[in-house]
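**Student:** Each chain, letter by letter, is given below.
Protein chains: 2
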Amino acid sequence: MAKDKGLTPQSEDFNEWYNEVVLKADLVDYGPVRGTMVIKPYGYALWEGLQRELDRRFKETGHHNAYFPLFIPMSFFQKEAEHVEGFAPELAVVTHAGGEELEEPLAVRPTSETIIGHMWASWIKSYRDLPQLLNQWNSVVRWELRTKLFLRTSEFLWQEGHTAHATQEEAEEETRRMLDIYATVLREYAAVPGWEGRKTESEKFAGAEYTLTYEAMMRDGKALQSCTSHYFGQKFSRAFEIKFQDKDLQTKYAYTTSWGFSTRAIGAIVMTHGDDKGLILPPKLAPIQVVVVPIYKEDTRAKVLAAAEGLAQALKAAGIRVHLDDRDQYSPGFKFNEWELKGVPFRLELGPRDVDAQTAVLASRLGGKETVPMEEIAPTLADSLEAFHQALYQRALGFRDAHTWKVDTYEDFKAKVQEGFVKAFHCGEAECEREIKAETTATTRCIPLDEPEDKGSCIRCGKPSAYGKRILFAKAY
Amino acid sequence: MAKDKGLTPQSEDFNEWYNEVVLKADLVDYGPVRGTMVIKPYGYALWEGLQRELDRRFKETGHHNAYFPLFIPMSFFQKEAEHVEGFAPELAVVTHAGGEELEEPLAVRPTSETIIGHMWASWIKSYRDLPQLLNQWNSVVRWELRTKLFLRTSEFLWQEGHTAHATQEEAEEETRRMLDIYATVLREYAAVPGWEGRKTESEKFAGAEYTLTYEAMMRDGKALQSCTSHYFGQKFSRAFEIKFQDKDLQTKYAYTTSWGFSTRAIGAIVMTHGDDKGLILPPKLAPIQVVVVPIYKEDTRAKVLAAAEGLAQALKAAGIRVHLDDRDQYSPGFKFNEWELKGVPFRLELGPRDVDAQTAVLASRLGGKETVPMEEIAPTLADSLEAFHQALYQRALGFRDAHTWKVDTYEDFKAKVQEGFVKAFHCGEAECEREIKAETTATTRCIPLDEPEDKGSCIRCGKPSAYGKRILFAKAY
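Residue numbers (UniProt numbering), protein chains in the order written: chain A, 1 to 477; chain B, 1 to 477.
Any given hint might turn out to be false.
As the list claims (entries may be wrong) - Only pairs whose alpha carbons sit at most 20 Å apart, straight line, appear in this in silico SDA-like list of lysine to any residue: (1) LYS59(A) x ALA317(B); (2) LYS247(A) x ASP129(B); (3) LYS475(B) x LEU397(B); (4) LYS59(A) x GLU386(B); (5) LYS284(B) x GLN329(A); (6) LYS125(A) x LYS469(B); (7) LYS247(B) x LYS79(A); (8) LYS79(A) x PRO105(A); (9) LYS335(A) x LEU449(B); (10) LYS469(A) x THR61(A); (11) LYS59(B) x LYS469(A); (12) LYS125(A) x ASP29(B); (13) LYS469(B) x GLU439(B); (14) LYS125(B) x TYR42(A); (15) LYS59(B) x GLU20(A); (16) LYS59(A) x LEU397(B); (17) LYS24(B) x GLN329(A); (18) LYS284(A) x ASP129(B); (19) LYS247(A) x ASP326(B); (20) LYS437(B) x GLU419(B); (21) LYS125(A) x ARG187(B); (22) LYS24(B) x GLU203(A); (23) LYS316(B) x GLU203(A); (24) LYS24(A) x TRP123(B); (25) LYS59(A) x GLN51(B); (26) LYS24(B) x ASP129(A); (27) LYS59(B) x LYS463(A); (28) LYS316(B) x GLU386(B).
Stated by the list, open to error - Here are some chain B residues pointing at chain A (derived, C-beta under 7 Å): (29) PRO32; (30) HIS64; (31) PHE71; (32) MET74; (33) HIS96; (34) GLY98.
What the hints assert, rightly or not - Here are the in silico distance ranges between beta carbons for each label pair: (35) ASP299(A) x GLN390(B): 56 to 64 Å; (36) ASP246(A) x TRP123(B): 39 to 47 Å; (37) GLU376(B) x SER364(A): 51 to 59 Å.
No lab work stands behind these hints, which were simulated from the structure alone.
C-beta atoms are modelled at their ideal positions from N, C-alpha and C, and glycine is treated no differently.
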């Protein structure tokens with residue numbers, strides 16, 4: 001089947017399968033500039049679904065959208081030492097504009113902590129100006145050497161939330177609240193299971209006190225960091241002079257956070273659910289939830305198309321995202337393959353005998369077909385979509401748990417980490433993490449929030465565990 | 001009143017009034033880089049209101065959102081001669097990225113015709129691939145020397161629609177359809193009246209066959225081009241080789257269009273409706289439609305606040321965007337001024353005697369106050385907001401019509417064009433337009449679509465009119 005569409009099987013070459021499926025399913029294309037992508041309508045509709053759910057939750061939790069400029073003076077990056085070290089090598093720089101050389105080169109934003117910090121310094125004067133709960137939907141540029149569509153491109157779309165608070169407690173609560181919102185949307189809409197946890201010091205965001213993450217497992221056993229939420233403490237507020245007069249009349253530095261969710265999540269959806277036939281899209285985000293494919297010959301064409309249109313109308317009226325594929329130039333078999341490749345959850349086949357019997361054939365992208373009475377389709381399809389979501393999530397969760405191992409010897413570690421995630425003890429030393437990476441290509445993914453407390457010795461060097469629990473290792477995108 | 005808030009009266013210095021009001025009302029701030037702006041939450045919420053209405057109509061008319069890269073190879077601009085002439089002087093250019101000098105410098109997109117044309121050349125093969133109906137929400141960069149918040153900044157937010165069609169007729173229908181959608185949203189949501197028309201050759205978009213525009217009148221009598229819709233014919237398809245095989249098996253060039261609506265529309269709203277007290281926001285877009293201001297002393301605080309919260313809840317439940325201003329540190333008078341400055345359509349004042357009588361005082365930003373029974377407020381406020389919208393639109397329309405004159409002598413032209421719009425005959429020659437601009441600073445705004453046919457002599461040079469009707473002149477932003 002995969003061969004028919006020219007899709008390389010996952011088991012043969014997962015990377016090749018991925019590149020083929022995102023292009024052939026019309027999610028994305030390569031842009032003319034090295035490392036850039038064009039997000040096509042079918043891919044962008046997935047992003048709009050994620051945006052809708054995230055934006056609603058941001059607003060429900062008191063955040064407001066705003067927009068900060070694309071261009072940031074290079075000097076801003078110098079103000080926070082770790083931040084500049086992390087981002088300077090990836091900056092794209094505007095040196096000329098309006099036909100002249102600029103006095104100070106401008107960075108194209110890789111992330112907006114610096115420019116928002118600069119503005120906050122003038123906006124925030126009193127505790128009454130806090131909290132600042134801002135978000136923006138935009139694109140950012142990070143010049144990457146090794147690029148991969150959706151996962152790592154020179155420019156990508158995301159949202160970046162930025163908040164400032166009067167107290168550490170509030171800022172830490174915010175950091176956790178936003179991770180939970182991300183996790184909810186990833187689980188309940190994208191059907192992508194994952195581990196919530198804290199990054200080790202070596203893996204945290206450049207300039208953060210700590211970083212929270214959601215680590216999902218792709219079908220090749222590798223990890224994908226699907227979003228992050230950072231607690232900055234007073235690092236950025238000291239660098240940018242974000243100060244306020246508190247109730248006690250003392251001048252204090254604010255506590256800040258930032259959190260981001262990007263089009264990388266589309267890559268997570270593709271690699272969590274897809275199979276050798278193509279994409280499998282989670283129904284709550286699928287641009288098309290059900291496709292109606294009429295099956296006719298010349299003499300039954302009018303009758304079948306009329307019934308198919310009636311069915312599509314009824315589904316649309318029931319709030320279902322339906323598409324009627326009435327293209328004359330393609331055979332039903334060709335259409336079945338194409339919509340399977342594009343990951344549409346359900347297909348309704350409708351032939352002349354179905355019309356006579358007032359039935360249709362409902363085929364699930366997860367397998368299985370059944371003949372259903374026409375009148376029952378619209379009233380029951382919402383439930384079928386919910387069941388599809390649950391099945392998809394459980395399937396991914398089962399896969400993840402079957403590819404996650406607790407290991408206690410470095411031999412086991414090296415073997416298992418090639419196939420999935422391992423939970424092991426670690427000494428917490430950056431040098432030891434680097435050695436593990438050099439020897440296995442695996443990295444620490446996170447210190448899982450819900451891992452029970454436990455003691456043990458570092459999987460590699462034998463020193464006492466630094467985290468009071470096992471932590472998660474994997475090879476990662 | 002204006003003096004109390006430090007707002008310069010409009011009659012004294014309209015430009016100064018504008019700059020003060022957009023900053024003090026918290027719509028926007030200056031960014032750290034010359035000519036850039038930060039759109040603050042209150043301003044961004046206006047943009048989200050416009051986006052919601054536009055995006056819905058784009059989708060209803062079959063368009064899909066997509067995303068094309070920010071960076072465009074400089075060589076792309078050379079392909080369409082008029083386009084490069086129009087945009088090259090305003091480009092911002094990335095010359096370095098990832099720590100190295102780039103082989104080919106990259107333009108930060110000023111508009112996306114070239115990169116979309118490039119992609120279409122590979123996507124479009126057959127008439128079955130047409131029409132292409134795409135839109136994107138993004139930011140663009142045009143390095144302007146004279147900048148003004150919202151109206152002309154180095155970077156601004158907009159949407160740019162791009163479509164490709166098999167026939168000229170379809171493409172021209174599209175150009176007109178999108179102008180009509182813009183006009184509907186400007187009239188019915190922003191309450192901004194305007195003239196729909198075609199630009200003269202000198203004023204059209206660089207590379208277009210023709211440009212349609214919506215020209216609104218600001219309260220200083222100057223024109224603001226509020227959006228544009230361009231018909232390109234085959235200019236861009238020939239430059240970028242956008243070809244398709246038609247039903248008759250012939251290879252043909254596609255017909256393309258583009259259309260854009262930007263954050264400049266926020267400036268139009270401010271300058272169409274605002275007065276010496278500040279903004280007046282159209283209710284359908286106002287982030288806050290009604291503000292509840294409780295009036296209390298220490299002994300009545302609890303009673304009044306409880307009633308105010310109940311009122312705000314009832315309004316929210318009725319679908320009204322309501323804000324309860326329960327800040328203790330400010331007096332009611334201070335709050336009245338602030339919400340007037342911010343242009344909130346209605347204010348509800350609630351004091352202890354109101355609570356006893358189960359009434360509140362409803363004050364309109366357009367003037368007038370009335371005492372209303374508490375129980376009637378939530379059920380009737382939607383109607384009051386609709387009436388407010390109508391009054392605002394009629395007020396602006398009346399102002400526009402009172403400041404528009406038909407003139408037939410150049411003396412009258414020169415006098416009247418300093419105060420508003422004039423309708424006059426013109427010979428159609430670019431050189432004559434330049435002379436008029438040099439002598440009066442006025443330009444042709446458009447050839448109005450609904451102006452009746454008529455003949456006459458050019459207002460300046462006396463040659464026969466070129467357009468078969470009077471055209472519109474004004475000084476413009």
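**Student:** All hints, please: hold or fail.
**Tutor:** Structure-based check of each hint:
| no. | hint | in the structure |
| --- | --- | --- |
| 1 | LYS59(A) x ALA317(B) | 17 Å, holds |
| 2 | LYS247(A) x ASP129(B) | 64 Å, violated |
| 3 | LYS475(B) x LEU397(B) | 18 Å, holds |
| 4 | LYS59(A) x GLU386(B) | 26 Å, violated |
| 5 | LYS284(B) x GLN329(A) | 46 Å, violated |
| 6 | LYS125(A) x LYS469(B) | 58 Å, violated |
| 7 | LYS247(B) x LYS79(A) | 62 Å, violated |
| 8 | LYS79(A) x PRO105(A) | 16 Å, holds |
| 9 | LYS335(A) x LEU449(B) | 45 Å, violated |
| 10 | LYS469(A) x THR61(A) | 32 Å, violated |
| 11 | LYS59(B) x LYS469(A) | 51 Å, violated |
| 12 | LYS125(A) x ASP29(B) | 16 Å, holds |
| 13 | LYS469(B) x GLU439(B) | 23 Å, violated |
| 14 | LYS125(B) x TYR42(A) | 19 Å, holds |
| 15 | LYS59(B) x GLU20(A) | 29 Å, violated |
| 16 | LYS59(A) x LEU397(B) | 35 Å, violated |
| 17 | LYS24(B) x GLN329(A) | 61 Å, violated |
| 18 | LYS284(A) x ASP129(B) | 28 Å, violated |
| 19 | LYS247(A) x ASP326(B) | 18 Å, holds |
| 20 | LYS437(B) x GLU419(B) | 15 Å, holds |
| 21 | LYS125(A) x ARG187(B) | 40 Å, violated |
| 22 | LYS24(B) x GLU203(A) | 42 Å, violated |
| 23 | LYS316(B) x GLU203(A) | 44 Å, violated |
| 24 | LYS24(A) x TRP123(B) | 12 Å, holds |
| 25 | LYS59(A) x GLN51(B) | 16 Å, holds |
| 26 | LYS24(B) x ASP129(A) | 15 Å, holds |
| 27 | LYS59(B) x LYS463(A) | 60 Å, violated |
| 28 | LYS316(B) x GLU386(B) | 17 Å, holds |
| 29 | PRO32 | 6 Å, holds |
| 30 | HIS64 | 4 Å, holds |
| 31 | PHE71 | 5 Å, holds |
| 32 | MET74 | 11 Å, violated |
| 33 | HIS96 | 4 Å, holds |
| 34 | GLY98 | 4 Å, holds |
| 35 | ASP299(A) x GLN390(B): 56 to 64 Å | 57 Å, holds |
| 36 | ASP246(A) x TRP123(B): 39 to 47 Å | 58 Å, violated |
| 37 | GLU376(B) x SER364(A): 51 to 59 Å | 53 Å, holds |
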